[in-house]
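For the protein sequence lines, the chains are Z and C, in the order given. Residues 1 to 357 in this note's numbering are what the first sequence lists, from first letter to last. Residues 1001 to 1357 in this note's numbering are what the second sequence lists, from first letter to last.
Hints are not guaranteed to be accurate.
Pairs of lysine to aspartate or glutamate residues, derived as EDC-like cross-links and limited to a Cα-Cα distance of at most 16 Å, are as follows [as the list claims (entries may be wrong)]: (1) Z:334 / Z:203; (2) C:1061 / C:1092; (3) Z:91 / C:1079; (4) C:1082 / Z:92; (5) C:1271 / Z:96; (6) Z:178 / Z:218; (7) C:1179 / Z:83; (8) Z:178 / C:1251; (9) C:1195 / C:1251; (10) C:1176 / Z:83; (11) Z:272 / C:1276; (12) C:1017 / Z:96; (13) C:1003 / Z:92; (14) C:1107 / Z:302; (15) C:1250 / C:1199; (16) C:1272 / Z:83; (17) C:1107 / Z:83; (18) Z:178 / Z:203; (19) Z:208 / Z:243; (20) C:1124 / C:1187; (21) Z:3 / C:1010; (22) C:1178 / Z:302; (23) C:1272 / Z:206; (24) Z:82 / C:1153; (25) C:1250 / Z:70; (26) C:1178 / C:1218; (27) Z:314 / Z:302; (28) C:1195 / C:1211; (29) Z:271 / C:1276; (30) C:1003 / Z:252; (31) Z:275 / C:1276; (32) C:1067 / C:1079; (33) C:1009 / Z:252; (34) Z:179 / C:1117; (35) C:1313 / C:1293.
Honestly, the hints are just simulated from the structure, not real lab data.
2 protein chains.
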Amino acid sequence: MSKILEILKEVKESGIKNIYKKNIENVLGALTKTTDFWKMIDYSNIPVPYAAKIIEILKNKGIVEIKNDEIILTPLGLEIIKEEGVSAIKKELRCEACQGRTIPFYKDIELYRTFVELQKDRPKAIQDFDQGSVTPETTIARVLFIDSKGDLEGKNIIVMGAEDDLTGLAIALTRKFKKLLIIDIDERLIEFDNKIIKELGIENVEAKVWDLRNPYPEDMLGQFDVFITDPPETFIAFKAFIERGIATIKDEGGSGYFGLTLRDSSIFRWKKFQKELLDIGCVITDIIQDFNDYMNWDYHEETKAQKVAPVNKKPQDIWYRSAWYRIEVLPGFKRVNEQIPQEIFDKLYLDEEGSTT
Amino acid sequence: MSKILEILKEVKESGIKNIYKKNIENVLGALTKTTDFWKMIDYSNIPVPYAAKIIEILKNKGIVEIKNDEIILTPLGLEIIKEEGVSAIKKELRCEACQGRTIPFYKDIELYRTFVELQKDRPKAIQDFDQGSVTPETTIARVLFIDSKGDLEGKNIIVMGAEDDLTGLAIALTRKFKKLLIIDIDERLIEFDNKIIKELGIENVEAKVWDLRNPYPEDMLGQFDVFITDPPETFIAFKAFIERGIATIKDEGGSGYFGLTLRDSSIFRWKKFQKELLDIGCVITDIIQDFNDYMNWDYHEETKAQKVAPVNKKPQDIWYRSAWYRIEVLPGFKRVNEQIPQEIFDKLYLDEEGSTT
Chain Z
1 MSKILEILKE VKESGIKNIY KKNIENVLGA LTKTTDFWKM IDYSNIPVPY AAKIIEILKN
61 KGIVEIKNDE IILTPLGLEI IKEEGVSAIK KELRCEACQG RTIPFYKDIE LYRTFVELQK
121 DRPKAIQDFD QGSVTPETTI ARVLFIDSKG DLEGKNIIVM GAEDDLTGLA IALTRKFKKL
181 LIIDIDERLI EFDNKIIKEL GIENVEAKVW DLRNPYPEDM LGQFDVFITD PPETFIAFKA
241 FIERGIATIK DEGGSGYFGL TLRDSSIFRW KKFQKELLDI GCVITDIIQD FNDYMNWDYH
301 EETKAQKVAP VNKKPQDIWY RSAWYRIEVL PGFKRVNEQI PQEIFDKLYL DEEGSTT
Chain C
1001 MSKILEILKE VKESGIKNIY KKNIENVLGA LTKTTDFWKM IDYSNIPVPY AAKIIEILKN
1061 KGIVEIKNDE IILTPLGLEI IKEEGVSAIK KELRCEACQG RTIPFYKDIE LYRTFVELQK
1121 DRPKAIQDFD QGSVTPETTI ARVLFIDSKG DLEGKNIIVM GAEDDLTGLA IALTRKFKKL
1181 LIIDIDERLI EFDNKIIKEL GIENVEAKVW DLRNPYPEDM LGQFDVFITD PPETFIAFKA
1241 FIERGIATIK DEGGSGYFGL TLRDSSIFRW KKFQKELLDI GCVITDIIQD FNDYMNWDYH
1301 EETKAQKVAP VNKKPQDIWY RSAWYRIEVL PGFKRVNEQI PQEIFDKLYL DEEGSTT
């Protein structure tokens, strides 16, 4: 049996089910690029608790050693990498101009500058609501990506939660939509948005506090062309968020945008997500990996991620990214709009694969 | 009923089933950007025969007129666009550096230059084999994309057909793989590759003529880490090509790369493709729209596309593009390796949605 498959077997025996050969290869490959645990996560696209377990096993097998909080491949590790043809993911090949997003944020430099200026006093990300904001470049690239698909000008748009990224505010600043509704559970964000919208006199925007557990009122159903959200990554929560989004869509061909990561979900769960999207009447039109760059959040030390990490060193740079999905809603889609039970919501933000909340 | 839905109804009544509201909007949106039929296809992501039918109906309704082979929106057309909030797809927002591919071809400028020089005498695309080559920038960006995912260095790679794009040759030039097998039905291409491989003394590459209808010999099954192909876009052919690719994969986590277009397939067929990929044990990790740019082919005038077009004007520029898919093969996948019946193969290259072959 190959050394990689041996390691895989041991990781599985330790109780991790949703793991496959590629995960082991990606971790080993990443360690040829960096000795930093958090950068290794960035390079290997794997849930943090799984990465921590793999490192533990690699250490026990003498494949890596940990010195001064750095993870270093031993001569044995380097030999395995060579023998088994392990290759690292090469982020250095990403386009510098658009940072691998296909659309560069600077295509509307005025919008970017205005946004950067306005967001300076944004409310801080808090752990209560699973917050962690993307960079301003990410937010603006999202807006331009949506515009590039013909999903902004003249459209009715709803931004459902995750307004800690201020995507709703950035869309508001374009003034290109027909109608814009921003909802979030965090009243600090809604107040922040409303203050700016009022000061700038932007019309046809509403920002309101809303708890996504509650069904939408009749006047929000079937009203929108586009929904944008950032679902928590447990299956049940994902399904609930996306179904709520689809319930707001007016016609076939309406579209949805959201982020999904491989750092709080395994590839196995991605497959379940994708199957669910098709089952509820959607088609996937775009998946851009590493589109969403997350700034480090103040509560990092309190997260499961830091607790399970094999090092005490905190992230020095951006390490958490997610892919950007675009879906379209096809004819025959259904609008599901039921109460999401509290007990499901309690488990929304954390499970075996998730660790950053 | 909205004007767009009225047009949609009429298009459906003319016998086109796989069409939805977004198609009509995209065609109208595209006409705000261009009066050229082929550029309009590029901007609207729609099968050519469907676009031709929509234009015919728009003309009958006085929404467009055709003058000197240009398609022009009438005042009525402009009014509908404004009233219904129709927005164009905005290709001008694409990154100029990587041309929207996330990885720019110039990240390995030596490889690009060598390839451009070597491919000058490439065999011409011929209609017999549904050929039409991508630009050299596309080919090199594919190779770098594959490398960026950790799927090149030290890997066993098979390029299955579509060597008119010379993707196999470009991979050979990197000398980074462990083993490379290039197969194609067109012996001109295989001879072309073999000549260069021999002259440059590149090792561990084999290029051989192979008819994909035939099952693979035992020594090709379960041997590879990565497969690359360009399946014809009928459902039955797509399934056969992808299954053949998966049959070559050694282990879970192996990956596949291929192009899919919305210019020879409807979004409805994409949904079937995506469902099939999940059903046969894969997960989709990347979908980059407009990654593959196709050069115009000499036999364009002989294609159904030109015959159904409402104008005589030929394409002036690149108009045919496809999305680039990456999939991963998950644990439990099956190797299917049966003869593909001739009668299925006869229908491979043309159906109601396809038109460019």
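Need the status of pair residue 1107 (chain C), residue 302 (chain Z): alpha-carbon distance at most 16 Å? violated, 40 Å
Decide if the proposed pair is consistent with the structure: residue 82 (chain Z) and residue 1153 (chain C), CA atoms, cutoff 16 Å inclusive. holds, 10 Å
Given the hinted pair residue 271 (chain Z) and residue 1276 (chain C), is their Cα-Cα distance within 16 Å? Between residue 271 (chain Z) and residue 1276 (chain C) the Cα gap is close to 12 Å, so the pair holds against 16 Å.
Hint check: residue 178 (chain Z) vs residue 1251 (chain C), CA-CA at most 16 Å. Holds or violated? Violated, at roughly 50 Å.
Hinted pair residue 1003 (chain C) and residue 92 (chain Z), Cα distance within 16 Å: violated, 48 Å
Verify the proposed pairing of residue 208 (chain Z) with residue 243 (chain Z), using a straight-line Cα cut of 16 Å. With Cα atoms ~20 Å apart, residue 208 (chain Z) and residue 243 (chain Z) exceed 16 Å; violated.
Within a Cα-Cα threshold of 16 Å, do residue 1250 (chain C) and residue 70 (chain Z) meet the stated pairing? violated, 33 Å
Next pair to validate is residue 272 (chain Z) with residue 1276 (chain C); report whether the Cα-Cα distance is within 16 Å. holds, 14 Å
Compare the distance between the alpha carbons of residue 1124 (chain C) and residue 1187 (chain C) with 16 Å, and conclude whether the hinted pair is satisfied. holds, 12 Å
Mind checking the alpha carbons of residue 334 (chain Z) and residue 203 (chain Z) for me, to see if they're no more than 16 Å apart? Given that 16 Å is the threshold and the Cα spacing comes to 31 Å, the pair is violated.
Residue 1003 (chain C) and residue 252 (chain Z) were given as a pair; does the straight-line alpha-carbon distance stay at or below 16 Å? Holds, at about 15 Å.
Satisfaction of hint between residue 206 (chain Z) and residue 1272 (chain C), Cα-Cα up to 16 Å: Cα-Cα ~38 Å, so violated.
Hints 1, 2, 3, 4, 5, 6, 8, 9, 12, 13, 14, 15, 16, 17, 19, 21, 22, 23, 25, 26, 28, 32, 34, 35 from the earlier list are contradicted by this structure; the remaining hints agree with it.
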